[in-house]
Amino acid sequence: MPAHHLNPSSNRVKIWQLAWPGYLALGFISLLAIAVLSALFGQSEHGLIGFFTLFIDIISDDYIRHITYFSFLQASLSTLAAIIIAIPVARFLYRRQFWGKQYLLKIFILAFIMPTMVSVFGIIAVHGRQGIFNDFFSLFGFERSTYLYGLTGILLAHIFINMPFSARIFLNELENIPPEYWRLSKQLGLSEWQIFTRIEWPIMRLSLPSLASLLFILHFTSFATVLTLGGGPSATTLEVAIYQSLKFDFDLPKGASLALLQLSFCLIFTLFLHRFSNQINLLNSIGKGGMRPKVNSPLSYLADALVILILFIALLLPLSSTFIKALTQTDFSILMSATLWLSIKNSFILAVCAASLASIFTLSLLLSKRALKAHNIQNIGYHMFSSIGNVILIVPSLVFGMGLFLLLRNHVSIFDYGLHIILVINALMALPYILKTLEPAIDSMAERHQKLSLSLGIKGLARARIIDWPTLRQPLGRATALAATISFGDFGAIALFGNDHTITLPMLLYQSIGAYRSADGAIIACILVIFAFGLYAGIERLIGGKYVKT
Amino acid sequence: MLKLDKIKLSLGQTNFSFNISFKAQKIHAIIGRSGSGKSTLLNLIAGFETPQQGDIKWNGTSILSQQPHQRPITNLFQEHNLFAHLNMFDNIAIGLSPNLKLSTEQTQLVNTAINSVGLNNMQTKKPKDLSGGEAQRVALARALARAQDQQNPRPLLLLDEPFSALDPETRLEMRDLITKIQQNFKLTVLIISHNPTEMLDFADEITLIADGKITIQHELSQAKLPKTLAEFIHI
Numbered sequence: 203m204p205a206h207h208l209n210p211s212s213n214r215v216k217i218w219q220l221a222w223p224g225y226l227a228l229g230f231i232s233l234l235a236i237a238v239l240s241a242l243f244g245q246s247e248h249g250l251i252g253f254f255t256l257f258i259d260i261i262s263d264d265y266i267r268h269i270t271y272f273s274f275l276q277a278s279l280s281t282l283a284a285i286i287i288a289i290p291v292a293r294f295l296y297r298r299q300f301w302g303k304q305y306l307l308k309i310f311i312l313a314f315i316m317p318t319m320v321s322v323f324g325i326i327a328v329h330g331r332q333g334i335f336n337d338f339f340s341l342f343g344f345e346r347s348t349y350l351y352g353l354t355g356i357l358l359a360h361i362f363i364n365m366p367f368s369a370r371i372f373l374n375e376l377e378n379i380p381p382e383y384w385r386l387s388k389q390l391g392l393s394e395w396q397i398f399t400r401i402e403w404p405i406m407r408l409s410l411p412s413l414a415s416l417l418f419i420l421h422f423t424s425f426a427t428v429l430t431l432g433g434g435p436s437a438t439t440l441e442v443a444i445y446q447s448l449k450f451d452f453d454l455p456k457g458a459s460l461a462l463l464q465l466s467f468c469l470i471f472t473l474f475l476h477r478f479s480n481q482i483n484l485l486n487s488i489g490k491g492g493m494r495p496k497v498n499s500p501l502s503y504l505a506d507a508l509v510i511l512i513l514f515i516a517l518l519l520p521l522s523s524t525f526i527k528a529l530t531q532t533d534f535s536i537l538m539s540a541t542l543w544l545s546i547k548n549s550f551i552l553a554v555c556a557a558s559l560a561s562i563f564t565l566s567l568l569l570s571k572r573a574l575k576a577h578n579i580q581n582i583g584y585h586m587f588s589s590i591g592n593v594i595l596i597v598p599s600l601v602f603g604m605g606l607f608l609l610l611r612n613h614v615s616i617f618d619y620g621l622h623i624i625l626v627i628n629a630l631m632a633l634p635y636i637l638k639t640l641e642p643a644i645d646s647m648a649e650r651h652q653k654l655s656l657s658l659g660i661k662g663l664a665r666a667r668i669i670d671w672p673t674l675r676q677p678l679g680r681a682t683a684l685a686a687t688i689s690f691g692d693f694g695a696i697a698l699f700g701n702d703h704t705i706t707l708p709m710l711l712y713q714s715i716g717a718y719r720s721a722d723g724a725i726i727a728c729i730l731v732i733f734a735f736g737l738y739a740g741i742e743r744l745i746g747g748k749y750v751k752t
Numbered sequence: 010m011l012k013l014d015k016i017k018l019s020l021g022q023t024n025f026s027f028n029i030s031f032k033a034q035k036i037h038a039i040i041g042r043s044g045s046g047k048s049t050l051l052n053l054i055a056g057f058e059t060p061q062q063g064d065i066k067w068n069g070t071s072i073l074s075q076q077p078h079q080r081p082i083t084n085l086f087q088e089h090n091l092f093a094h095l096n097m098f099d100n101i102a103i104g105l106s107p108n109l110k111l112s113t114e115q116t117q118l119v120n121t122a123i124n125s126v127g128l129n130n131m132q133t134k135k136p137k138d139l140s141g142g143e144a145q146r147v148a149l150a151r152a153l154a155r156a157q158d159q160q161n162p163r164p165l166l167l168l169d170e171p172f173s174a175l176d177p178e179t180r181l182e183m184r185d186l187i188t189k190i191q192q193n194f195k196l197t198v199l200i201i202s203h204n205p206t207e208m209l210d211f212a213d214e215i216t217l218i219a220d221g222k223i224t225i226q227h228e229l230s231q232a233k234l235p236k237t238l239a240e241f242i243h244i
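Quick note, the sequences are listed as chains A and B, same order. With the numbering used here, the residue at position 387 of the first sequence is 589, and numbering never jumps. With the numbering used here, the residue at position 119 of the second sequence is 128, and numbering never jumps.
Since the hints were made in silico from the structure, they are not lab data. In this text, all values refer to a predicted model and were calculated from it rather than measured experimentally. You can take every hint at face value.
DSS-like cross-link-like pairs, simulated, lysine-lysine; straight-line CA separation at most 27 angstroms:
| id | chain 1 | residue 1 | chain 2 | residue 2 |
| --- | --- | --- | --- | --- |
| 1 | B | Lys236 | B | Lys12 |
| 2 | B | Lys137 | B | Lys110 |
| 3 | A | Lys308 | A | Lys496 |
| 4 | A | Lys661 | B | Lys110 |
| 5 | A | Lys748 | B | Lys134 |
| 6 | B | Lys137 | A | Lys748 |
| 7 | A | Lys575 | B | Lys17 |
| 8 | A | Lys748 | A | Lys661 |
| 9 | B | Lys110 | A | Lys748 |
| 10 | A | Lys575 | A | Lys661 |
| 11 | B | Lys35 | B | Lys66 |
| 12 | B | Lys17 | B | Lys222 |
| 13 | B | Lys189 | B | Lys32 |
| 14 | A | Lys661 | B | Lys134 |
| 15 | A | Lys661 | B | Lys66 |
| 16 | B | Lys135 | A | Lys748 |
| 17 | A | Lys661 | B | Lys137 |
| 18 | B | Lys66 | B | Lys15 |
| 19 | B | Lys135 | A | Lys661 |
To give an idea of the interface, some chain A residues facing chain B are shown, with a C-beta separation under 10 angstroms as derived from the structure:
| id | residue |
| --- | --- |
| 20 | Leu663 |
| 21 | Arg665 |
| 22 | Arg667 |
| 23 | Ile669 |
For every residue, glycine included, the Cβ atom is placed at its ideal position computed from N, Cα and C.
Kindly produce the complete structure, drawing on both the sequences and the hints.
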């Protein structure tokens with residue numbers, strides 16, 4: 203039923219009156235995006251007309267060619283490695299029931315949303331020159347080696363972050379296998395290999411295109427990992443080169459050109475991802491094996507033992523070593539450091555403000571969209587209200603930061619307003635995640651309540667207080683908490699705009715790693731993790747209230 | 010009397026045309042195939058659809074320009090009749106006061122309605138704790154409370170396949186309850202059903218819709234069913 207018929211006076215109601223908060227948010231975001239893009243084109247070595255010659259530069263300029271090649275290489279290998287390891291891990295989790303499985307699945311999510319700098323620190327704690335591996339092998343007389351920095355380190359970190367995520371996606375697919383398939387497999391007497399090739403792989407393959415595209419984008423735009431573990435010019439990506447051109451070379455035209463190049467690639471990848479836009483839901487998996495036949499062959503036990511070893515080395519060891527390293531310290535003087543407390547304060551302010559701003563933007567956009575839909579108005583604004591999140595997804599935070607730097611540097615003292623600029627960037631970067639979380643909730647609310655509210659005359663503040671808020675507070679709490687956690691652990695915009703006064707916990711951790719102060723680093727990493735998850739739990743509870751199934 | 014006076018409406022490729030009167034204080038069953046226009050008829054009366062032509066009158070007064078909540082009507086949908094986060098009492102009370110601030114009389118009305126549908130001592134239960142039949146009773150109690158509201162009585166009850174998700178035993182119970190309430194409180198009931206046979210000993214009048222038009226309106230107290238109606242019901 204067309205929704206405009208829901209309200210007889212709808213034709214007299216102006217679109218602006220219905221959706222002004224959404225239009226204001228949309229206008230602000232669009233203007234900012236256009237201004238940033240204009241600043242990049244204005245400063246670029248190529249300008250708007252010569253933009254397409256950028257791609258010729260990839261071939262002609264040795265430096266750009268190399269960093270582009272390396273960006274693709276590390277992103278492809280990281281994606282391939284994360285997926286190849288995730289397949290047996292998902293199968294192991296699906297076919298074996300064991301104590302602690304639920305906790306392991308929670309750790310999988312933890313690794314994905316953990317602040318990147320903490321993940322990097324964990325990898326260094328295991329694989330660094332003073333790491334656990336070198337400690338272990340030195341017991342047998344082996345020389346300490348530095349195999350970590352470069353492509354190896356980048357791959358190890360990306361596997362740590364994204365392999366568990368991929369495994370959970372595959373596990374979701376496996377859990378959706380109908381019980382009839384397993385009854386049939388028993389009847390047909392399929393072997394383990396036949397079960398994999400005939401039943402499990404065809405199901406897992408469904409999510410492969412979207413998962414691989416998403417991972418590729420995440421790896422291609424990976425910044426903190428490559429900056430810390432890249433180890434030199436030979437392992438530099440476009441993202442890191444943008445940072446270097448602004449922070450070290452102060453070559454703004456080159457930085458702008460690189461940012462535009464990165465933006466172009468991200469645009470292409472996002473369109474590719476959109477092509478495979480089946481929903482990926484990380485939180486669906488319940489960790490139950492269903493009716494899958496049990497496997498007891500020696501080969502299967504051997505394969506699963508190998509999976510456990512991989513999980514231990516790739517995931518549990520880096521995760522636990524950070525905490526062990528922090529707890530076994532004797533020098534806790536860092537806790538007295540004024541810089542530490544300043545960075546904690548800044549991180550909290552940034553996280554809370556960015557998450558609030560992102561939530562206000564999202565609610566303005568989605569509630570306006572709902573209002574237009576209720577009156578069957580589906581104009582450009584209606585479509586843009588939710589798709590603006592995808593537009594933001596195209597622009598990596600470093601590219602956005604570069605554009606804002608160029609835009610504002612002649613008008614304000616950039617480093618005096620560093621926190622404000624980071625706040626806006628972090629809010630915009632969180633927007634796609636909040637939109638994705640809240641949009642289904644608001645759509646479902648509209649579907650369930652619109653007609654009933656209309657027939658009972660529940661509107662305005664009464665509707666907001668009695669119907670909308672109780673229904674929305676839980677997803678809003680989750681979304682805001684996620685946005686705050688992302689912002690709390692972000693090491694993107696802060697890398698560009700940070701200084702001694704504008705410092706956050708991830709930046710302080712980066713400085714500790716750079717100065718080889720691993721003892722301090724371990725403590726900072728622990729504080730970062732504890733506060734990040736404390737912040738998540740606090741905001742989720744504060745906004746979402748206690749859990750009530752609706 | 011409810012009168013749809015030369016109503017015309019186009020939705021996509023389908024044209025609807027209704028010119029019909031429904032007697033007050035009776036139960037009217039609306040039957041027809043899927044997509045024939047049964048729900049559209051109810052949506053027009055409720056104000057969820059706006060006709061391009063014609064008028065809708067209740068007891069001689071046009072209600073066409075009124076918002077859905079201003080019309081003398083309460084709806085019972087197939088599903089989503091209750092707000093999941095509100096308890097039973099509030100789900101009924103919200104029908105009388107959208108901001109849930111009730112006068113003493115309104116509180117009394119809610120309690121009476123709860124008693125009338127036989128759901129005493131369940132005021133604090135949430136919809137997730139209710140069975141399908143109980144949830145429909147709550148929605149019916151809300152309709153009852155609204156019908157008796159002194160300030161703004163809504164004696165017209167529109168039921169859009171309210172029994173479709175219920176088991177046979179609960180369907181019977183609900184039918185009996187609706188009959189009892191309709192008689193006790195002098196309601197005018199329009200009910201859509203996909204089970205015409207079930208309507209024969211329940212409704213006072215039966216209306217067949219096909220292709221967006223009224224095909225036949227028949228009073229069931231008359232001895233013989235018209236041929237078209239009998240063929241549709243397969244009697």
